[in-house]
Structures are given as structure tokens and as C-alpha cells.
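Chains A and B are the protein sequences, given in the same order. Basically my numbering = 1-based index in the first sequence + 384. Basically my numbering = 1-based index in the second sequence + 2.
No lab work stands behind these hints: they were computed from the structure. A quick note: this is a predicted structure, and the numbers were derived from the prediction, not measured. It cannot be assumed that every hint is accurate.
What the hints assert, rightly or not - The list that follows gives simulated cross-link-like pairs (lysine to any residue, SDA-like), each with its CA atoms no further than 20 Å apart:
| # | chain 1 | residue 1 | chain 2 | residue 2 |
| --- | --- | --- | --- | --- |
| 1 | A | 670 | A | 520 |
| 2 | A | 564 | B | 9 |
| 3 | A | 670 | B | 47 |
| 4 | B | 26 | A | 520 |
| 5 | B | 73 | B | 106 |
| 6 | A | 565 | B | 53 |
| 7 | A | 565 | B | 97 |
| 8 | A | 699 | B | 49 |
| 9 | A | 564 | B | 6 |
| 10 | A | 674 | A | 696 |
| 11 | A | 413 | A | 564 |
| 12 | B | 49 | A | 565 |
| 13 | A | 565 | B | 11 |
| 14 | A | 674 | A | 435 |
| 15 | A | 430 | B | 57 |
| 16 | B | 106 | A | 696 |
| 17 | A | 699 | B | 51 |
| 18 | A | 670 | B | 97 |
| 19 | B | 87 | A | 530 |
| 20 | A | 430 | B | 6 |
| 21 | A | 670 | B | 75 |
| 22 | B | 26 | A | 696 |
| 23 | A | 564 | B | 12 |
| 24 | B | 71 | B | 46 |
| 25 | B | 106 | A | 523 |
| 26 | A | 413 | A | 446 |
| 27 | B | 87 | A | 426 |
| 28 | A | 670 | B | 95 |
| 29 | B | 49 | A | 668 |
| 30 | B | 106 | A | 529 |
| 31 | A | 406 | A | 390 |
| 32 | B | 49 | A | 523 |
| 33 | B | 87 | A | 524 |
| 34 | B | 87 | A | 446 |
| 35 | A | 430 | B | 95 |
| 36 | A | 565 | B | 6 |
| 37 | A | 670 | B | 12 |
| 38 | A | 565 | B | 13 |
| 39 | A | 564 | B | 95 |
| 40 | A | 670 | B | 53 |
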Amino acid sequence: MPEVVVSIGPQHPALKEPVNFKIVADGEKIVRLELDLSYNHRGIEKAAEQRNFIRVLPLLERVCGICSHSHATVFSKGIEEIMGLEIPPRAQYIRTIIAELERMHSHLLWLGVAAHVIGFNTLFMWTWRDREAVQDTLEEMSGNRVHYGMNEIGGVRRDLTPAQVEAALERLPALEERIKKYVEMVNSEETMLIRFRDVGKMSREEALKYGAVGPTARASGVDYDVRRDDPYLAYAEVPWNVITDTHGDVYGRTRVRVGELWESTQIVRYCLENLPAGPIRVDAPKNAPKGEILSRYEAPRGELAHFIRTNGTDKVERVDIRTPTLANWTSVAVCLVNQNIADIPVIVAAIDPCLSCTSRMTVVNRVDKEGR
Amino acid sequence: MSVLREMLENLLSRPITILYPKEKVPIPESFRGRVAITDDKCIGCSKCSLVCPAQVITMIDGPREVEFKGKSFARKKRPQVKLYKCIRCGICERHCPTGAIYLKHELSSSGTDREVVIT
């Protein structure tokens, strides 16, 4: 049978964000995938070069709506290291709490989206309802539901009051109960097992070869997590486990994310119960000395990296953002080979793609009159 | 089975959706609502307009007498905030030396009057 190219996107009713898939299929089986990204270039990196360190953080937060705290923290962490600032322990703990709450809301959102993709809308409604409890906690602590704006160079902007800590601790048991149910559901619910098992398989070797990160890599047995392997914030002090799985398919990725949900609740609980007293920030100098740094962070979707170069002024000379989705796209191309066309949505959704944060670069191929 | 049990539980429970605007969601203490300015406290230092990431604060003419640290000063400028462009980051509140600019606990900020969108 001749191969057929199915082109989907960049504008398509089934796609929420602009990306172009060219799927080469032989009947129902996928032969290979050609991806065309960067339909949504927003020029954030260039805009970041023109703003001082106070004004650049809200901009970088807006790289992504789901992992907004990740982008602000990884940037602050890098600049603080260049400046040689020591962040107070209380600020480290508050940043960790917000980071883990963000991971919880991101994973709950993902679980809902994955359920929606396989037509299991009941679970979609349940997870999004439970996500509200996390969002409410975040709103109470930071004042915002999406862009928390908690970071500043040198610490955090808002302190946690005893009432906020108590309210968060009160919400946790109900959430833990729900997450236990999701763990049970993922492992036993036939609707999910049929659609997730043996779909989009990727071996450990392939995950390493194609540079998969985050839950996608950990589901293939790659035991790597920046929070443990290059500890930052309060992760070195908090007892927690890295969740890995050996299935390597969408089922494995679901198990890793649900397991991480549980670990996040435990990290948040520990941090809230052992919140150190003291100041929440140190005074940061206006200018950063000349320097370069690659700041790494485990965002909900995987390893996030900001390359920052400063030149002695109050602005960055260059900031280069490598989002986890960009690292995971190649693994999608591997996962899709020999799979059914009907499984495309769930395999693509399994890496938790965020296209708007991924578009960092636009390559313009200009052809002159002589065809060069 | 767990799903069936869950479905039955949900069938008997009340929906959690709130019937807005008949019912209002509770707004937490720390909520970042619309920006407000207390003219009596503002010393017109224009720090808020310098730090604003969305560049929505401009200094306009507003001659007045201001009391600061027990002394009376004549100030010429006051800040004006274009609320329709405000991203509610709260950086102005964080850097204001006198606490004159702050974020109110007000959820809704839509309307047809000019005063609703420009402070």
C-alpha cells in the first residue's frame, strides 16, 4: 500500500495550540512523523534583554501559564548565583511550596487532559475539580491563581502567614485522599488501561538517545531528576522519592505523574510543617556582575534550563530558554512509529506538550533570485 | 469498580459550581485585585512608574500638599494607572515607599465608565 501523508495543523479543530504534524502513514500504521514548530514565536527573549531585573520577572513568568513559577524561579536562581546572593531558608521553603503546588496543579490538569483525550470525560471533571483546591491554596498564598509573582531577585515577595499555612494544611488530607484514589484508578480502571497500555512505547536507550526529560524519561526507566541530582531550593533537606517506571508507554507516564502527585503532597506537607522562621529576602544589588550561567530546574513537564549572560548592568545581555517540551518532541516522533493513527492524540498528550512556551526561534529560509 | 463507587458518590452530592453572579466566590485576604492610590500618602516619587513591568503607570499633573515624616511638601505629580493594561503583579505595591499605591481585594473591575479603567 502506498504511504499517505496526513497533514494536521497549524490551525486545526483538534489542536489547542499551533503546530504542524505531517504524519506519514501506511494504512492505519504510522511510518514516521515530521514536525513543524514555531508558529507562535513571541519574542520574549529579546524583550527580556530590554528590561531590568525587577521588570523582567513578570515577563518570564508569562512564558508559560502552567509552569509560571518555574520560569521565574530558574531565572532568579541563576541571577542570584551570578550575584553571589545567599537566599534565606524561609524564602527557599516558600519557593519550594509554590513549586510543588504548581507541580500538583499541572499534573492534575494533565491527568484531566489525558482522560479527555481518551474520551473518559468523567475523570477529566473530577481531576479539574480537585485541582481547584490546589488553585485556591495558591491564590491564598500568592494572591493570584496563575501567575503567582512570588519571586524577586533575593528571595520572595510575600510571606506566608500562620493562617495561610493552617488553611493549606487543612486542605491537604482531602487532596491526599483523592490522589490515593487516582493512583488506584490508574492501575485498575479498564477504560484507561486499554487505551494507555503498550501505546507509544519508548525504551530506556531511546529515551536517553533522544534526550527525553521529566516524567516522559522517568517512565522509560531513566532515573534522573534535577531536584535530586542537582539540588536547589529546599529539596536537599526534604525527604522525598524520585518516581520511575519501566513500562515506557503512556501507562507508565501516567503512573509516574500520579506518583509525583503523591510525592508533591508530601513535600508540601513537610515544608509547611517545618517552615523556618526568619527573613524572606535579602537586598539584591541593582546590577549583576559580568557572568554566564546555565540554571536548571525540574519543571512539572521536565528539566527546564535558562542560559543567562550578564554584562555588569541591570539587564541581561542574553537569556536563552530551553523548555522541557522542546526536549520531548523528538521522543514523540519515536513513540509514534508503528502506532495506530487513532492513538496520535494520546501519545502527543502523554508528553504534556506546551507549544507556546516551546516556540523560541523562527528560522527564515530566504531564497534569492539565483535559488540560493 | 472504584469509578462506579465514585460515580454514585457524586450522584448524591451537590455540584461544586458556583452560580456567578448570584453567588460570589470568597476572595482571600491576599488577593491581588485592582490597583488603588491614596493621594494623601503619595509623595510623587514616580518609583511605581519606573518598576511597572507592563508600563501602565504614568506620572500626570496633580499639584497637592503632602505630609511625609511630619513635614508638609508641595508635590506636582501623581501616578495614573491604566487598569485595562494592568497585569496585577503587585510590584508597584512592593516598591512604594509610603504604601500609597496598593492592590484592592476587588475581583470584578469591568464597567463602562472611564473611572473604572483608569485610576
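message = Hint check: residue 49(B) vs residue 668(A), CA-CA at most 20 Å. Holds or violated?
response = holds (17 Å)
request  = Please work out if residue 565(A) and residue 97(B) have their alpha carbons no farther apart than 20 Å.
outcome  = With Cα atoms ~45 Å apart, residue 565(A) and residue 97(B) exceed 20 Å; violated.
message = Check whether the Cα positions of residue 699(A) and residue 51(B) lie no farther apart than 20 Å.
response = holds (18 Å)
query = Are the Cα atoms of residue 670(A) and residue 520(A) separated by 20 Å or less?
reply = violated (34 Å)
key: Agreement of residue 406(A) and residue 390(A) with the hint, judged by alpha carbon distance not exceeding 20 Å   = holds (6 Å)
inquiry  = For a C-alpha distance cap of 20 Å, please report whether residue 413(A) and residue 564(A) respect it.
reply    = violated (36 Å)
key: Hint consistency between residue 564(A) and residue 95(B) [alpha-carbon to alpha-carbon, up to 20 Å]   = violated (41 Å)
query = Is the Cα-Cα distance between residue 674(A) and residue 696(A) 20 Å or less?
reply = Status holds; Cα separation ~5 Å.
ask   = Is residue 670(A) within 20 Å of residue 47(B), Cα to Cα?
value = holds (18 Å)
inquiry  = residue 564(A) and residue 12(B) were given as a pair; does the straight-line alpha-carbon distance stay at or below 20 Å?
reply    = Within the cut-off at roughly 17 Å; holds.
ask   = Are the Cα positions of residue 430(A) and residue 6(B) separated by 20 Å at most?
value = It is violated: about 52 Å lies between the C-alpha atoms, which goes past 20 Å.
query = residue 564(A) and residue 9(B): Cα distance at most 20 Å?
reply = holds (16 Å)
Consistency note: the structure conflicts with the earlier hints numbered 1, 5, 6, 7, 11, 12, 16, 20, 21, 22, 26, 32, 33, 35, 37, 39.
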